[in-house]
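**Student:** Modelling step: build the complete structure from the supplied sequences, incorporating the hints.
These protein sequence lines are chains A and B, in that order. Numbering-wise (our numbering), the first sequence opens with residue 1 and increments by one. Numbering-wise (our numbering), the second sequence opens with residue 1001 and increments by one.
By construction, these hints were calculated from the structure, which means they are not laboratory data. The C-beta atom is built at its ideal place from N, Cα and C for all residues, glycine as well. Check before you lean on any hint, since a few could be wrong.
Label pairs and their computed distance ranges (CB to CB) [what the hints assert, rightly or not]: (1) A:373 / B:1304: 29 to 37 Å; (2) A:4 / B:1439: 21 to 29 Å; (3) A:215 / B:1386: 40 to 48 Å; (4) A:371 / B:1304: 32 to 40 Å; (5) A:304 / B:1002: 45 to 53 Å; (6) A:123 / B:1424: 45 to 53 Å; (7) B:1002 / A:233: 23 to 31 Å.
As a plain string of letters, each chain reads:
There are 2 protein chains.
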Amino acid sequence: MRLSRYFLPVLKETPADAQIVSHRLMLRAGMIKQTSAGIYSWLPLGFKVLRKIENIVHDEQIKAGHIPMQMPTLQSADLWRESGRYDGYGQEMLRMKDRHDRDMLFSPTAEELFTDVFRSYVRSYKDLPLTLYQIQWKFRDEVRPRFGVMRGREFYMKDGYNFDLTKEDALHAYNRHLVSYLRTYERMGLQAIPMRADSGPIGGDDTHEFLVLADTGESEVFYDAEITDLTFGDREIDFADKEQCQAVLEEFTSRYARTDETHDEAVYNEIPEERRRVARGIEVGQIFYFGTKYSEAMGATVQDADGNKVPVHMGSHGIGVSRLLGAIIEASHDENGIIWPEGVTPFHVGIVNLKQGDEETDGACESLYAELVAAGFEPLYDDRKERAGAKFATMDLIGLPWRITIGPRGLKNGVVELTSRRTGESEELSPEAAVQKIKEIYAKHPDPKGL
Amino acid sequence: MRLSRYFLPVLKETPADAQIVSHRLMLRAGMIKQTSAGIYSWLPLGFKVLRKIENIVHDEQIKAGHIPMQMPTLQSADLWRESGRYDGYGQEMLRMKDRHDRDMLFSPTAEELFTDVFRSYVRSYKDLPLTLYQIQWKFRDEVRPRFGVMRGREFYMKDGYNFDLTKEDALHAYNRHLVSYLRTYERMGLQAIPMRADSGPIGGDDTHEFLVLADTGESEVFYDAEITDLTFGDREIDFADKEQCQAVLEEFTSRYARTDETHDEAVYNEIPEERRRVARGIEVGQIFYFGTKYSEAMGATVQDADGNKVPVHMGSHGIGVSRLLGAIIEASHDENGIIWPEGVTPFHVGIVNLKQGDEETDGACESLYAELVAAGFEPLYDDRKERAGAKFATMDLIGLPWRITIGPRGLKNGVVELTSRRTGESEELSPEAAVQKIKEIYAKHPDPKGL
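**Tutor:** Following this line, the structure appears as structure tokens:
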């Protein structure tokens, strides 16, 4: 993409009403625009990252054997009356009447609809295990939406639902989700720690939240420092293997890590003092096992091997897709702007032309651009007639992890400059070597395939 | 995908309330499930096709130089009051109040929001031309939703908006859209004819609808038979070239083709009698040029080269993404089910195992499956313990364009059977040759890259 033909409305001023850094940077980098309280338009740069994150979530869910589909945003109130949640949900549920005066609502979550799909079609234990999921817009009418996309009213969320014959199978589904979430967050350059959580209004026995450590997090968290040494890495995993998945659960949840809601001072104090940590965290996902709560209320049963009708064991599992943009920025920025991890960057590399209009420099930029595109990358080429300082400031603000700078002085020596956004370190190398380096970097961060 | 692990709830009975064939087939093939009147859940198979169509639309819009972003589904009523449409839009607009008693609505279209984004950031003619678009869920509260996804209430739509300095530039944007739409529909295996249309409530001077000929179409159409000989094909086009785009417009709109709304009997009768056609058509897209209607009402101006503030010339351009599934099925099915064009098929090829449980046959199916996956395809392998007839019926119903049948008898001679869903013709060939043939077929129908 050539910047002169893109729509990237960066702001020079720091928006006054944005209280946290990710909100400020998303506004300044031209990623989002508020249209009403807690409701945002996703401008091209923001939408590009949103979609990339969505595609990573799809990739990892599909690898785990979970099946994508999509529910409508608007639902009839009837199903929610059946589960007993319509009256209980409170003012966060946005309700409306259609032209025929029927009660409708904007889905804040979708246990009821997925349970209804299940009970409409599935009759036998032989069709289990089954995990269905969607990534879809949700709405929760927060009293005080704030922090940009971190606590918006309209938000994009992955929500998955497992249907299993037994509690044991459902806990395997729980573990599959835990593993797939660990992989998902790491691929986005995030460390998200599973912490024992409170089940809240959905209700349930087993539940973990995934929290990214950040000073601006809404939750206070307490953990054993050893937990931050754990990474899933690129180990192989067979999602069908119960023992393998259980072992990962144990590895990642055996050390103390809780939010203030479930914090237990006595247990915490058993950690050796030098390993005790108190910090703040941003919730980016949650997994629940809630047994037969919905299947009993809504009659989601199957015939088991003995011919008995039994309610299925369920769980629901969510990732805050739009919220992740905020979380990633909170965890990865500096005073000049965003620093995208390679896995989610909207463009792989920026090209800065130091002397726009100079025939040789323009030619070198064009040929580098063409080579990067031919190699399967999306470069963002700043081809505007701006001074170098303004171009660098824009690139730093929008946070592309790598920048190639091309000017007449370097070209005389046959070199361009490759700069890391994270470290600020630069090296001079030939254009061919720069392309080769970009290839090596992104070989470890393949673009999501998505759907 | 192995069918035993997929969620494909096909129905044996023909749903009684579905009046048209695409609605019946989408229900029977387990693609959609109605959740309320005119509101559907997209089951895995339906969602897969929806996403593929969405990705084709993205591919072709990006090639045309248009920039993707995304608006929220819910909007404040304020912008619609500014444009004057809030009171005029009528009962099709779904309105609601949030917890702070503010008037909100579910976006039926997004001229106001895009115009607001434009006026918030763009100041100079130098930032033009600019075309922004989204693919997002919309809602229109139809009195009598019917025909499945063809006339639903919640629907998925691509809507694009061009912002140009002059009428001439805006008409070039109009032409770019026309060209990109022709390419989009052809890539989906559809012939969609641009027909002079009525501008309706959006208002405007120049507008064409794209109609797919089908007996079940909602509009009566009148056209010169010569128009159905036109194809865009794989010709090269430079979307920045005004003359090239104008020539395509002229080629595809110079022959008579109108809906009943704009039909002119006198002009029609000038067509030689043997070329006059009356038929029915399904609208799958529309392009509009409406000049400065919204930019004047909402103050979307730029400074021109002389320093004068002038309102921009705009148009809006839509493709009915969810409706396209219905239109494609109406245009491509037989008595046994759907016949997907290669460009949009949910799986590239079906594999039918005639003797599930037989070691040699199972092994041959597994190895063919692995080879197809390695070659980048998505096969659907029917690995259920069902008799051959049931497996064939399912494959025919869900409409994969190619099927490979593997049984012990063929394997004795080293062959499998490759069958075209469209023609019903089969040929016996070695498994390697079958994979090679699939490669050749899909070389002409590359999967969309999407976003």
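**Student:** Which of the numbered hints are not met once you compare them with the structure shown?
**Tutor:** 2, 3, 5 and 6
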